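A.B. asks: All chains should be built: construct the whole structure from the sequences, respecting the hints.
The chain contents come next:
Number of protein chains: 2
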Amino acid sequence: MPELTSVKDALGQLLSAFNRLPAENVSLARALGRVLAEGVSAPLDLPPFTNSGMDGYAVRAADTHPAPQTLTVIGDIPAGLTPELKLYPGQAARIMTGAMLPEGADAVIPIEYTDQPVFDPNQAFPHSITARQSVQPGDFIRPLGQDIRTGQAVLPAGRRLRAQDLGLLASFGFTTLKVVRRPRVALLSTGDELVEPGLPLPPGKIHNSNSVMLGALVRQFGGKVCFQSTVPDQPQAIREMFARALEQSPDLLITSAGVSVGAFDYVRDCIETDGQLTLWRVNMRPGKPLAFGSYQQIPVIGLPGNPVSAFATFQVFVVPVLHTLLGLPAESRPQVTVTLSETIESDGRETYARALVTWQDGAWHARLAEHQGSGNLLSLVRANALLIVPSGVKSLPAQAQATAWWLNADLS
Amino acid sequence: MPELTSVKDALGQLLSAFNRLPAENVSLARALGRVLAEGVSAPLDLPPFTNSGMDGYAVRAADTHPAPQTLTVIGDIPAGLTPELKLYPGQAARIMTGAMLPEGADAVIPIEYTDQPVFDPNQAFPHSITARQSVQPGDFIRPLGQDIRTGQAVLPAGRRLRAQDLGLLASFGFTTLKVVRRPRVALLSTGDELVEPGLPLPPGKIHNSNSVMLGALVRQFGGKVCFQSTVPDQPQAIREMFARALEQSPDLLITSAGVSVGAFDYVRDCIETDGQLTLWRVNMRPGKPLAFGSYQQIPVIGLPGNPVSAFATFQVFVVPVLHTLLGLPAESRPQVTVTLSETIESDGRETYARALVTWQDGAWHARLAEHQGSGNLLSLVRANALLIVPSGVKSLPAQAQATAWWLNADLS
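Protein chains in written order, with the numbering used here: chain S, 1 to 412; chain L, 1 to 412.
Since the hints were derived computationally from the structure, they do not count as laboratory data. Quick caveat: nothing in here was measured; it's all calculated off a predicted structure. Just to be clear, a hint being listed does not mean it is correct.
Stated by the list, open to error - In silico DSBU-like links for lysine-lysine, alpha-carbon gap of 30 Å or less: (1) L/LYS224 / S/LYS178; (2) L/LYS178 / S/LYS224; (3) L/LYS178 / L/LYS224; (4) S/LYS224 / L/LYS288.
C.D. replies: The following block contains the structure:
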């Protein structure tokens, strides 16, 4: 039996087989959570013209000294127009937030600082106002280019786009963006014991839970499920499933089950025969039987069939692969240092235990969530983190520190 | 001018106008991130039958003492079938992970503990094996109901569904779930100065950034944009926009701009005339002109037009409303206590400053992101948190502690 590969070495081998995917155009309305393929520089100054920061009166600041001063109002400047008027000494113009400052003005007095503190939409501007406070040149105005200068780099390639980023890009006038194409993932499950949800469960069978769970994980981490199928443990059925999956041009094949040491674990056999098996069995718990290779030049990651093992190996190996395909840092994930509330036993393999992490007395504390059998999905449901017991460690005592990966983040 | 309402009171008034929305059925494949409308109890035991936890040999544990012991292999038990054989003393059966334990067996010996540590998928089971280690009754088996008992409560109403939750629900055989319907949100923007992205920008105009940003925020927090329109600052155009929005049966109307004290701020006027304005102007910065009321019995939240103000008021008021409509705790959000790296000035209003929070020397530190003008979207793009300066505080000194809301979380 070959020696087990360490998690670190296995991940390094995997990642070296992947590069960032090419870009595609998407509309801003559909770009939330997508990853920028190219850095963006400002195509214009923002604000694009000097404008009022308040509803108030455009003035010559000098005219407001000393306060109070009464000024003649010569017109209205609504937002959206180029003002045709020009201010001369002693004059003011009613101006709305965002409206262009008229020639001659160098400041704005908010209406709250005048004797007419409310604008009535149904009434014309007053003939005069009294400025109760003085202003300095530049007060309550937003100069051209104050926020952003043309050519300024504002968003880097590899940025995962948030609502506020999209707002800024819209303010540049963009309607589409170049983002990294979503990784196309084919999900292939095997198992004579599997019955699809919705069908009755004969004795000895279980419902297929991995297809739904892995499909949701692929979507959660920015991929697209381009193919999904479950077949019995028969070499011919498995070969046909691979062939059908390849028709969908996947960037990545993910198999579930069939890679362990069972007599009917034909998936690994199929990869070895028709493709290349470059790695098999990793020194981790759960998830030892992980396989990696290629099938007709397309990378294939073989996950164990046990739901908890499939989940853990997805987090450890598939998430960094999806990140790499998307142009994100491979191993960026929300994590935290925790203090153990109980002793945690391992068998010396790098262990990913389902844990419940809570905040108590100024620190994060972790305990195990339910029993840790690799078939026990309830333990994953109760967990909010994966707690890592390093390779070679057989026991972490209570009060020891450890690293935990949050399992709740990244959910919209 | 009426007194400003505190953020706390304003939020209380808003939330009292909303209840959880009704349930709808969705398929498991589309349920990631949706909120369970009803608690789920297990409809069956898991595992549904006692099965092998390993690839190995089903045995009578007593037969393995003392090790080593040679046993006669009488058959194969693949996963998915009801074994027809029965073990008698001195016998073993080759069994796969997940396969049902045969009558007479009370333990499994993993193949690693035998003299035949590899299963060859192309060869029949051996005539005999030697168990190199002894096992105890129950070893390496997963008893019926070990993980979950029929009737056990496993997921509560109000649970936002993760991939692993969906896996568990699939293992129960469910194909659809009752989840809370997505809030239907109509987005209404006004402004003579607004030009849609993609169109050329005449002098005095700016591109409409709020529609894209608010649309993305609605989707990020679980809502659905059922209507979106931008019209000029004209009462008739605004009334028509409201009428068209109502045809889409929104649960919530969100307006952007037109609620301040400007002479052309007709949105507030329109709500007052045709509906009910129950709240206007909140003691916060940015975002003072926030309005709340109803229009033909549908709740309407009037956000300020400045992009940063619109963003901040969305976070403070709309997010808790969407949470309430979805049946989630109104004010649950990822937050952190930070130490200020610089003095932060305020004007006494409850302030939501755009901040950059970083981890240094074992603590979270915050500083302001760019200049804090309410039109400056770049400051939001650079920020990863909103830092709260409480009401009545005019200055928070460097090294003081404050609360910050993360702006990066919840992104899939």
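A.B. asks: Are the hints correct? Go through all of them and say.
C.D. replies: Hints versus structure:
1. L/LYS224 / S/LYS178: With a Cα-Cα distance of about 24 Å, the restraint between L/LYS224 and S/LYS178 holds, given a limit of 30 Å.
2. L/LYS178 / S/LYS224: holds, 24 Å
3. L/LYS178 / L/LYS224: holds, 18 Å
4. S/LYS224 / L/LYS288: violated, 42 Å
When each numbered hint is compared with the structure, a violation occurs for hint 4 only.
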